[in-house]
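S.K.: Sequence:
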Amino acid sequence: MVDTVIVIVGATAAGKSEFAIRLAQKIEGEIISADSMQAYKCMEILSQAPTGPEKARSRHHLINFLKPTEVYSAAIFSALAGKKIKNIIKRGKVPIVAGGSGLYIKALIDGLFPSKGKNIKLRKKLQALAGKKGRAFLYERLREKDPAACGKIHPNDLKRVIRAIEICEVEGKTKTGLARETRGIKDEYDVKVFGLTMDRKKLYERIEKRVDLMFRKGVVKEVERLLCMKPGITAAQAIGVKQLQGYFNKQYSLEKAKEILKRDTRRFAKRQLTWFKGDKQIVWLDIDKRGKKQAVNYILKSITA
RNA sequence: GGGGAGAUGCCGGAGUAGUCAAACGGACCAGACUGUAAAUCUGGCGGCUUUUAGCCUACGAAGGUGCGAAUCCUUCUCUCCCCA
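Just so we're aligned, residue 0 is where the first sequence starts under numbering that gives the first Met the number 0, counting upward by one.
One or more hints might be untrue.
Pairs of lysine-lysine, DSS-like flavour, derived with a Cα cap of 30 Å [stated by the list, open to error]: (1) 241 to 269; (2) 144 to 132; (3) 291 to 89; (4) 123 to 241; (5) 82 to 105; (6) 105 to 300; (7) 255 to 105; (8) 201 to 151; (9) 279 to 82; (10) 261 to 291; (11) 85 to 229; (12) 66 to 144; (13) 191 to 269; (14) 185 to 89; (15) 185 to 291; (16) 66 to 117; (17) 172 to 208; (18) 89 to 191; (19) 54 to 82; (20) 25 to 105; (21) 220 to 201; (22) 40 to 120; (23) 185 to 172; (24) 66 to 229; (25) 25 to 279; (26) 276 to 117; (27) 105 to 220.
Because the hints were derived from the structure by calculation, they are not lab data.
Just so it is clear, the structure is predicted and the values come from calculations on it, not from any experiment.
Start from the sequences, fold in the hints, and give me the full structure.
M.R.: Written out as structure tokens, the structure reads:
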């Protein structure tokens, strides 16, 4: 018999964490956070990581375990989560992967193609080259190396252009050619993916409230402290860091910072929705209309069936 | 009461007779996405259609001039500022 892994996805502020805890309590589950920011220490308010009492209600994994200076990535997550899943199942519990980092979840479920990883030196070199000769120049270089990838990437999408070139140089193969050796947990387990949705307006309201709460809890201080620690490449991207930095640098008022923090969170939620919309294996549950209890029951039914 | 400035699309804001459904920015909507993904990037954005094109409705309101008006004239309404 194949073991089941439950995955809960959805936009930020959709109520994934709370929902996952409820579910975990019902089915003897343990929660694995698929969230690029909750993995970090020292940014609990910013990342809306589960608090003490929440953690007491069910066991959480991959939360608050990295220093802000450390790097996190879809590949690291995927490897760690894979181990956690195995372990949880061994102990007779049900793994519940919950989070909003679409790529991380995809990397876990479907796998990533084999790669030696990044080459920072090369990236810097390419970055500098783009600065000097323009993005189009790099794009043309990519066209020579991997025309297929070139067709899928927009010339302005510098990060992707660089990564695609990097793959060619580091792996000796094209991104396109590398593909299909990927292995993810879907090959080992019965993976059931559920998405939490609600009315867009409702979601935006929840985001507003959440940001207001963040300020009341003291994000400003948290980010101030975080900046002193010189956060690494991953942690520094958290929504709120850049926005508050503008305030610290006196570019705009705190009110303004809050406003753009809300806006950027909305935009993020929008991107998450676009990502998840494309994933046809997701079973969507409108927890606002349906109610959480019913949604939990629905999941229970579908995993025992 | 007197004088001045102004009213533009969801918002800010350019335009001051033809090439204007109206620059630019914001908000919003839609999309892409394989090792930095809370990142990076793209498209749309008055309505309708047979959507590399056409038609309709639009620049506070009502009239007017003119081949032609968001742009000029008249009156009205409203807003802001200064003097009383």
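S.K.: Quick check: which numbered hints come out false for this structure?
M.R.: The structure breaks hints 7, 8, 11, 12, 17 and 27; every other hint is satisfied.
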